[in-house]
Amino acid sequence: MKHLDEATMLAIRDGADASAEAREHLGGCATCAAALEGTRRRAESIAETLSALDRPLEPTAAKAGVRARVGTRSPRTSSRWSGWHLGRAAALVLLTAGAATALPGSPLRSILLPDSAEETTATEAELLDAPVTPSSAEPGLVDAGIQVGLPEGVVEVVVRGADPGTEVLVEWSDLAAARVTAPPGSRFTYSAGRIELDAARGEIRVVFPRGADQISLEVDGRSYMSGSPSEVEVTGPAVERDDGSVRFRVDDS
Amino acid sequence: MDFDSIFDQHYPPLVRYCHRLTGDGDVAEDIAQESLVRLFDREVTGTEAGMRSWLFKTATHLVRDRYRVETNRDRLLMENPFRPSGPESPVIRLERAEARAHARAALDALAPRDREILLMRYAGFSYKEIAGAIDVAATSVGTLLARAERRFAEVVTEAGRKAI
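So the protein sequences, as listed, match chains A and B. Mapping the first sequence onto the numbering used here, position 120 (from 1) lands on 120, and the numbers just tick up by one. Mapping the second sequence onto the numbering used here, position 144 (from 1) lands on 397, and the numbers just tick up by one.
Excised from the complex, chain A in its bound form (with noise of 0.2 Å):
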């Protein structure tokens, strides 16, 4: 076996996932050994550096401050974690069986992605209905997020409550469906080819799917982008563009 590469020996001395075959490795070999050792002062040496920024806290005040503002915002959309929760789980679910409905012949696509003209929509209240355990596995909390097929080459994302001043990112990717990911506590509604988003506060990230005939963004009834993804149309408040991806920021307009 040749030496091990650097990522494999930080994650041996990170304690992360390593092969046995590369710990096997490590212990006959003295070079990967002395170089796995060197990593370890590397680390002491980076974290005396980073050390160097912190400076002494004071917490007494700023809890006091938390504790004051908790509870004064009133959110515009339910965002219990329990619910949250349970609506992420379901999504997951979905992003699941999204993937399952992009291979040809899945028998999940007609249940999963029903014809256009028979429009199904589901509200979180809806998805809710999965008796799903949160699990302690899950090593924290990410946004919710939803992805659906695009049987008729068509999807279309719509976006409602998003402040002024929201992060709307859009992506484009090589998979078969759109997908659209927002803050927790924001509420999804799907149909084959469309995904419809009331925005929590945050930042919302969509994306295309490279393969789609024709796509369109509308963030609270304005045209933000639209057109095949090869000649596609910006028309919303973009502050970054390149080749892959495009960032708006929502304005007052």
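No wet-lab data here; the hints were simulated from the structure. Bear in mind that the values here come from a model prediction, so they are computed numbers and not experimental data. Take the hints with a grain of salt, since some may be wrong.
Selected chain A positions facing chain B (in silico; Cβ < 8 Å) [said to hold, decoys possible]:
#	residue
1	L50
2	L53
3	G71
Ideal Cβ placement from N, Cα and C applies to all residues, glycine included.
Fit chain B to the supplied structure of chain A, relying on the hints for placement.
Chain B only, in chain A's frame:
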């Protein structure tokens, strides 16, 4: 866990992370407090690790929003120089300032995502937790971290040479 326990446990490391990320102690405290307010407002519960990941991820997004334009961050750094909490000798003050400058220069040399990964790792996060918080594949964390560490160490070494 009650309010006090959650605050006491998560606030100091969250401020430290934000401060290292932004270079601005006041902004770091603002963002840490806003993250905690959101945690309590949304009644987020779960495992201790889950709450920590949620807080760090929220804070990371808030920092990204705040410093979306790089020049804005530079301006804030100019406007918010580090203020020592007590009297120090000129020599110690100079050494500390130099150490901070080296650390800051090294962090600034990293791409934003690499910086976040490095700081989360040195805040004690596992690769899996980092992947969840930064939205990268868990299998990529080692490679990205290796690149970040290498670059960080190079810049610190180079800065040290110039200072001699």
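We went through each hint and held it up to the structure:
1. L50: holds (6 Å)
2. L53: holds (5 Å)
3. G71: holds (7 Å)
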